[in-house]
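Student: Residues per chain are reported as follows:
Number of protein chains: 2
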Amino acid sequence: MTSFHELEARIGIRFKNPALLTEAFSHKTYSKERNTQSYERLEFLGDSLLNFIVGDYLYSHCDEEEGALTKMRADLVCESALKAAAEALDLGSFLLMGEELKKDEKFNIHSDDLYESLLGAIYCDRGLDAARAFVEKTLLAGRRNFRADYKSLLQEAVQKKYRKNGVDYDLREIDPSAIGDEDRFESTVYVLGRAVATGRGRNRKTAEGAAAAEALRKMDHGEA
Amino acid sequence: MTSFHELEARIGIRFKNPALLTEAFSHKTYSKERNTQSYERLEFLGDSLLNFIVGDYLYSHCDEEEGALTKMRADLVCESALKAAAEALDLGSFLLMGEELKKDEKFNIHSDDLYESLLGAIYCDRGLDAARAFVEKTLLAGRRNFRADYKSLLQEAVQKKYRKNGVDYDLREIDPSAIGDEDRFESTVYVLGRAVATGRGRNRKTAEGAAAAEALRKMDHGEA
Chain A
1 MTSFHELEAR
11 IGIRFKNPAL
21 LTEAFSHKTY
31 SKERNTQSYE
41 RLEFLGDSLL
51 NFIVGDYLYS
61 HCDEEEGALT
71 KMRADLVCES
81 ALKAAAEALD
91 LGSFLLMGEE
101 LKKDEKFNIH
111 SDDLYESLLG
121 AIYCDRGLDA
131 ARAFVEKTLL
141 AGRRNFRADY
151 KSLLQEAVQK
161 KYRKNGVDYD
171 LREIDPSAIG
181 DEDRFESTVY
191 VLGRAVATGR
201 GRNRKTAEGA
211 AAAEALRKMD
221 HGEA
Chain B
1 MTSFHELEAR
11 IGIRFKNPAL
21 LTEAFSHKTY
31 SKERNTQSYE
41 RLEFLGDSLL
51 NFIVGDYLYS
61 HCDEEEGALT
71 KMRADLVCES
81 ALKAAAEALD
91 LGSFLLMGEE
101 LKKDEKFNIH
111 SDDLYESLLG
121 AIYCDRGLDA
131 ARAFVEKTLL
141 AGRRNFRADY
151 KSLLQEAVQK
161 KYRKNGVDYD
171 LREIDPSAIG
181 DEDRFESTVY
191 VLGRAVATGR
201 GRNRKTAEGA
211 AAAEALRKMD
221 HGEA
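Chains as they are written, first to last, in full-length UniProt numbering: chain A, 1 to 224; chain B, 1 to 224.
Among the clues, some could well be false.
Which copy is meant is left open, so a pair is good if it fits within one copy or across any two.
To be verified - As a list, the in silico BS3-like pairs of lysine-lysine whose alpha-carbon atoms are at most 30 Å apart:
#, residue 1, residue 2
1, K151, K28
2, K71, K103
3, K71, K83
4, K205, K106
5, K137, K83
6, K218, K16
7, K164, K83
8, K160, K102
9, K28, K137
10, K103, K151
11, K151, K32
12, K106, K151
13, K83, K102
14, K16, K103
15, K161, K137
16, K161, K103
17, K164, K137
18, K28, K16
19, K205, K160
20, K103, K218
Derived from the structure by calculation, the hints contain no laboratory data.
For reference, chain A alone in the conformation it holds in the complex:
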C-alpha cells in the first residue's frame, strides 16, 4: 500500500478521508482488480472545478472581455501547464497501477489527469476554499501578471472579420527628455493598411501589445 503522507506534506493538506486520495490515484487497471472506483470520476469533477476556479480568478483579477478571458484560461489550464504542475509535485510516482500495467514499460502516465483528480479529492475532503488555494499555489503562482496576448487576438479577429491577414506595426521612440524613462516606445497598428490605434510601452513588445489591445477594443465597439 502506497503511503500518501509524503504527498500530503508536499501539498500541505492532511486528508480527513484518505480513501479519497486512494481513489484519486487509482488507475482503472488497479481499481478493476479491487472492484473499486478509478480516478476518472474525481477527474471529471476536478476538471470542471478547475475551469471554474481559474475562470473566477480571471474574472476577478482582469478587466478583459470574454474572448480574452477564454483564451487566457485555455493557456492556464492547457495539458502542458497541468503536466508541469503535476510534475512539480511528482504526482505520477503515486499512481496505483494494476499488476500488468506495472510491467508495461511503454505506459505513459497522464499526470495532467492526476492533477485534476487530486483537485477533485481536495474539494470533496476540504471544500472549495482549499481547492482554490491549491490551484493558486500550484498552478497560478508565478503567473500572476496575466496578460492576454493581444497581438494574437487581434490577428485572429482581423482574420475572422476580413478573411485575410493584414496587421502591421510601426514603432517609434519618443524623446526620453519629454516623458522620462517610462513608456518611451510608441507603436501604431495598421489593419489592412489603415492606422487604427496607437499604444505606448517600455519596450517594443509592451507598446505593440497596448496598440493591439486598443485596436481590439475599437473593433469590438464597431469603431475600426
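With chain A fixed as given, assemble chain B onto it according to the hints.
Tutor: Only chain B this time, still in chain A's reference frame:
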C-alpha cells in the same frame, strides 16, 4: 431604467449589489452606448460555474462512471435545457438592448446566455451556496431521477469498440406468482449475437436499461 424587483422576487434573491443584475442583462449594444460591461464576462463565469455545479451534483448523487456522468451533464446543461429554464423565468424580458437593436424585429434573444450570466451574478453577489440553490431549483428540480440512457451508451460503446452496430434485446415475462409484481420483465442483451448480460425491471424499458447498464459495466471491466 428597467426594474429588476420582479425578477428578484421570482428567483427569491435580493441583490446586495444591483449593478451586477444590470451587467447580467446588458446586451453589448446597450453597454456600448454607456461604455459599461456587457453580460458576456458574467456569462463566461456562469458557464464554468454551471458545469461545476451540475458535475458536482451528479458526482454526489450518481454512481455512474465518468463517461455516463459526462453524457448526463451534457443533457442537463444543453442549450435547450437552459433556454427552457430561462423562459420559465422570462429572463428575455429583462434584456437591456441598445436603441438600434430594439427596432430589430428579427433579433433573437439568447436566453440560455442570460441564464448563465444571471448565475454568474448570483455567485458574485451571494456566493456558491446561493448559486447552487438557484441551479437546483431552476434547472435540476423535476429531473431528480437522473438515469443515464444506458441503451444509447451501450450502442455507442459497441460502435466504438467493434466499428459496427450489433446490440439486440430479448424480453421475457417472469411468472408474477414467483416474484410478486415487481421487476417482472427480464431482458437479455446480445452484443454481436452473443448474450452478455441480463437485467430486470417493471417494464420493457427499465429491464432493457438494466441489461444495458450491466453489459456496459462488463465491457468497462474487460469482461465482455
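Student: Next, verify each hint and record whether it holds.
Tutor: The hints, checked one at a time:
1. Taking the closest pair of Cα atoms, K151 and K28 come within 30 Å of each other only across two copies (23 Å); inside a single copy the shortest separation is 43 Å, beyond that limit.
2. In the homo-oligomer, the alpha carbons of K71 and K103 never lie at most 30 Å apart, since the shortest distance is 40 Å inside one protomer and 33 Å across protomers.
3. Within a single copy, K71 and K83 get their C-alpha atoms as close as 19 Å, and across copies as close as 26 Å, so both meet the 30 Å cut-off.
4. For a Cα distance limit of 30 Å, the shortest separation of K205 from K106 qualifies neither inside one copy, at 43 Å, nor across copies, at 43 Å.
5. With identical chains, the CA atoms of K137 and K83 are at most 30 Å apart within one copy only, with a shortest distance of 15 Å there and 37 Å across copies.
6. Taking identical chains as interchangeable, the C-alpha atoms of K218 and K16 are never at most 30 Å apart, the minima being 52 Å within one chain and 33 Å between chains.
7. Proximity of K164 to K83 under the C-alpha cut-off of 30 Å is found in neither arrangement, the shortest distances being 35 Å within a copy and 36 Å between copies.
8. In this assembly of identical chains, the alpha carbons of K160 and K102 lie at most 30 Å apart only when taken from different copies (27 Å versus 48 Å within one copy).
9. Only within a single protomer do K28 and K137 lie at most 30 Å apart by alpha-carbon distance; the minimum there is 29 Å, versus 35 Å between protomers.
10. With identical chains, the CA atoms of K103 and K151 are never at most 30 Å apart, being 48 Å at best within one copy and 36 Å at best between copies.
11. Within a single copy, K151 and K32 get their C-alpha atoms only as close as 49 Å, which misses the 30 Å cut-off; across copies the closest is 23 Å, which meets it.
12. Taking CA atoms no more than 30 Å apart as the test, K106 paired with K151 passes in neither setting, with 40 Å inside one copy and 35 Å between copies.
13. For a Cα distance limit of 30 Å, the shortest separation of K83 from K102 inside one copy, 21 Å, qualifies, whereas the shortest one across copies, 48 Å, does not.
14. Taking CA atoms no more than 30 Å apart as the test, K16 paired with K103 passes in neither setting, with 33 Å inside one copy and 59 Å between copies.
15. In the homo-oligomer, the alpha carbons of K161 and K137 never lie at most 30 Å apart, since the shortest distance is 39 Å inside one protomer and 41 Å across protomers.
16. In this homomeric assembly, K161 and K103 come within 30 Å of each other (Cα to Cα) only across copies, at 25 Å, whereas the closest approach inside a single copy is 53 Å.
17. In this assembly of identical chains, K164 and K137 lie within 30 Å of each other by CA distance neither inside one copy nor across copies; the values are 41 Å within and 47 Å between.
18. For a Cα distance limit of 30 Å, the shortest separation of K28 from K16 inside one copy, 24 Å, qualifies, whereas the shortest one across copies, 47 Å, does not.
19. Only within a single protomer do K205 and K160 lie at most 30 Å apart by alpha-carbon distance; the minimum there is 24 Å, versus 48 Å between protomers.
20. Proximity of K103 and K218 under a CA criterion of 30 Å is satisfied inter-copy only: 24 Å between copies versus 59 Å inside one chain copy.
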